[in-house]
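Novice: With the hints as constraints, model all of the structure from the sequences given.
Sequence lines, in order, name chains A and B. Residue numbering for the first sequence follows the numbering used here, starting at 1 and increasing by one per position. Residue numbering for the second sequence follows the numbering used here, starting at 1 and increasing by one per position.
Among the clues, some could well be false.
[Said to hold, decoys possible] Facing chain A, according to a computed beta carbon distance under 10 Å, are these residues of chain B, among others:
no. : residue
1   : 4
2   : 6
3   : 42
4   : 103
5   : 110
[Claimed, not checked] Calculated Cβ distances over 10 Å to all of chain B for the following chain A residues:
no. : residue
6   : 22
7   : 53
8   : 66
9   : 70
Don't read these hints as lab results, they were simulated from the structure. Every residue gets a Cβ at the ideal spot worked out from N, C-alpha and C, and that includes glycine.
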Amino acid sequence: EDKVVQSPLSLVVHEGDTVTLNCSYEVTNFRSLLWYKQEKKAPTFLFMLTSSGIEKKSGRLSSILDKKELSSILNITATQTGDSAIYLCAGPLGSSNTGKLIFGQGTTLQVKP
Amino acid sequence: SAVISQKPSRDICQRGTSLTIQCQVDSQVTMMFWYRQQPGQSLTLIATANQGSEATYESGFVIDKFPISRPNLTFSTLTVSNMSPEDSSIYLCSVGTSVNYEQYFGPGTRLTVT
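Specialist: Shown next, in the form of structure tokens:
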């Protein structure tokens, strides 16, 4: 059964802190692993990772995939209150190329001033 | 990425009624999906909306409860039928590909059933 597990489930930090969010996956048909940020209703796309060891960066956010360990991390440096959100990790669902995703439980990040 | 809109953005409905949610994309897309996010939970895939044929439902979701239409490559609807308070959720449509599984989401519909 495909599974995506995130940790921690929630995190409270202060502005300026660096945080690391974890995602582990067990999927039958790995194609990619995706990270999303959800602030209100709609998740917004952050990163898609397909190759091990290659870091993707966007400003203060970065992510890397470890295919051997079946895991990924999302780092946020110099956190700001605007980073407060739910961060979701997702992987392919099912054994054929259906395009479907399975999501982890999410990590709720609260950044205090 | 495609621009996706959903209508309505929110609604409060009475138990036993039905609500149809619309999802419009500004370009033709192969794959469209519908998700549900119950309060405090993550996203759960309801079904894949197939153009010109019946939707493909995930375990735990049935067509009688969540009928889906997809008349063309830019539009889909999800109906939540015979609603109960347990249907109170955010409903999201998304578009994606089977190549790398990258998906983009519409703004969501927040449904409250009283």
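Novice: Enumerate the violated hints, using their earlier numbering and listing them in ascending order.
Specialist: none
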